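Every letter in the sequence shown is one number past the one before it in the working numbering, and letter 24, counting from 1, is 24.
Incorrect hints may appear among the rest.
[What the hints assert, rightly or not] Computed list of lysine-lysine pairs in DSS-like fashion (alpha-carbon distance at most 27 Å, straight line): (1) 33 - 23; (2) 16 - 33; (3) 40 - 23; (4) 39 - 23; (5) 31 - 16; (6) 28 - 40; (7) 69 - 39; (8) 16 - 28; (9) 16 - 39; (10) 28 - 39.
Derived by calculation from the structure, the hints in this document are not laboratory data.
Only a predicted model underlies this, so the values are computations on that prediction, with no experimental measurement involved.
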Amino acid sequence: MYLIFRCDCGRVLYGKEGVATRKCVCGKSLKVKLRRIFKKVETAEDASNAVREMQEEIYGGTGFITADKL
């Protein structure tokens with residue numbers, strides 16, 4: 001079972017159930033049991049897809065664009 005939660009920086013993360021801490025790419029270490037759990041999924045692939053969908057809802061598309069189109 002995998003748990004979907006958010007860091008204080010806003011990034012959506014997942015961690016395996018029973019894991020005490022998870023480190024975000026922003027550098028903050030999070031205690032998983034103190035975080036608000038948004039979803040629970042069975043497999044790592046489902047967790048990855050759930051994180052991707054939540055990130056798209058929050059920030060829009062996840063596609064990269066080139067600098068000349070900014």
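Hint check:
Note on residue 33 and residue 23: the hinted pairing holds, with a Cα-Cα distance of about 13 Å set against a maximum of 27 Å. A C-alpha spacing of about 11 Å is found between residue 16 and residue 33, which places the hinted pair at or below 27 Å, so the restraint holds. For the suggested pair residue 40 and residue 23, the alpha carbons sit about 19 Å apart, so the restraint of at most 27 Å is met. Of the pairs offered as hints, the one joining residue 39 and residue 23 holds, with about 19 Å between alpha carbons and a cut-off of 27 Å not exceeded.
The hinted pair formed by residue 31 and residue 16 meets the criterion: a straight-line CA distance of about 12 Å does not exceed 27 Å. Taking the CA atoms of residue 28 and residue 40, the gap is near 22 Å; set against the 27 Å cutoff, the hint holds. At most 27 Å may separate the alpha-carbon atoms for a hinted pair to count; residue 69 and residue 39 exceed this at roughly 35 Å. Of the supplied pair hints, the one linking residue 16 and residue 28 holds, its CA atoms being roughly 18 Å apart against a limit of 27 Å.
Restraint check for residue 16 and residue 39: the C-alpha separation of about 12 Å stays at or below 27 Å, so the hint holds. A hinted pair counts as satisfied when its Cα atoms are at most 27 Å apart, and residue 28 with residue 39 qualifies at roughly 21 Å.
The structure fails hint 7 only (numbered hints given earlier).
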